[in-house]
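Number of protein chains: 2
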Amino acid sequence: MVQGLVMNKGFSEAERKAVYRAIRERRDVRRGFLPDPLPDDLLQRLLACAHQAPSVGLMQPWRFIVVRDRQIHRSVHEIFREANAEAVGDFDDARQALYTGLKLEGLLEAPQHICVVCDENARQGHGLGRKTMPETALYSAVCAIQNLWLAARAEGVGVGWVSILHPEKLRAALNIPSGFVTVAYLCIGYVNDFLPSPELENAGWETRTPLAELVSFDRFDDRWRTRSKA
Amino acid sequence: MVQGLVMNKGFSEAERKAVYRAIRERRDVRRGFLPDPLPDDLLQRLLACAHQAPSVGLMQPWRFIVVRDRQIHRSVHEIFREANAEAVGDFDDARQALYTGLKLEGLLEAPQHICVVCDENARQGHGLGRKTMPETALYSAVCAIQNLWLAARAEGVGVGWVSILHPEKLRAALNIPSGFVTVAYLCIGYVNDFLPSPELENAGWETRTPLAELVSFDRFDDRWRTRSKA
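Those protein sequence lines, which keep their order, are chains A and B.
Last residue of the first sequence: 230 in this note's numbering, with the numbers rising by one and none dropped.
Last residue of the second sequence: 1230 in this note's numbering, with the numbers rising by one and none dropped.
One should not assume that every hint holds.
Listed below are the simulated SDA-like cross-link pairs for lysine to any residue, each with C-alpha atoms no more than 20 Å apart in a straight line [claimed, not checked]:
#	chain 1	residue 1	chain 2	residue 2
1	A	K229	A	E213
2	B	K1131	A	Q96
3	B	K1009	A	F194
Note that these hints are calculated values from the structure, not bench results.
Keep in mind the model is a prediction, meaning the values are calculated, not measured.
With the hints as extra help, turn the sequences into a complete structure.
Next up, the structure:
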């Protein structure tokens, strides 16, 4: 049933380190985008990485809308502003002050955006793997995003995921019909620098959890309940 | 508001190539797992990569259950067998024959599994970024999986995502309480070889779509409707 030559050659130590470096130094970028648009060949290379992601049943449900139209950038920024104004009220006074000082998107600075859309009803894949866990179509699209994000880091390209948006308004701005899910809206562009740690950590919004607290063996760790509001 | 030194050093050509290689040569592995368990330091290194993923509001909602107990491996395999038997009936005759010839999991061969659980109600992150798109908590956990998957490839470690499982039965097998989402169940272990192309492609289950058909500019591409059952 399985054909094809196998690839026996392992990664060198230098190659392994490069992969770890991309993972460690990837950042959610909200500032510092340079105005130069990404060259087409680079953009295609990054999208090709996204397209090499795993997908349930080889469904490949991801669709990429590259947004270069400045008028749409402004429309999406307006959608962000509305959603962000609504979000502020959810925090107590001290955290409101912290929140309003955060820069949470680079929609007007980034020379291009990418909206990642998932077709949950795509014929491809023939439903394999989705009978009991249909959400894996959406998860496949997220794997594609993470591939693109890491390749972008290696290319000196910043990516920022903006989730403070009303999906229905985003749908209207980009003519996305019902039946297709707006998984992510990304700002993307060259940057000079990447911060050594996440902006939300630097700003005192949240701290990083020690890994040991997030790993258990063989069964659910009941300590995890204490981290949860549920 | 933002502190910290910036990292100006770009990736070398060799480093970039290594990142592209990991993305290109990553496979969903269902066979060929070697019986040797992963050394603890390697397992921790891979989990640390998962933990370096982006998360909405720095929420870090991922929880990792490393399953080494062979009895649980057998229980999960039984859960797979039930779900898989139910899935077969969804296909027409020709595709049923193809489907039953596929090897879709390596649950009994892989010396360890990882169940990735998401706490959608985690206090961390304080809800930032989740008011309009709460699903980003789940998506953060998927980004963690893709980080781990790529690092594993660089280490010669195969990962296979098994979605043909009833989530409620998996929950029972691992004592996962309600309020926590079973995002993924992964088989993981050393392999000698990685196939040059996806097993489902080699087996004739599905073909890969040309990238150009999945990219549009500025607005949704109405040709995408023709790929959809919706």
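To see whether the hints hold, each was checked on the structure:
| no. | hint | in the structure |
| --- | --- | --- |
| 1 | K229/A - E213/A | holds, 17 Å |
| 2 | K1131/B - Q96/A | holds, 15 Å |
| 3 | K1009/B - F194/A | holds, 9 Å |
Checked against the numbered hints above, the structure violates none of them.
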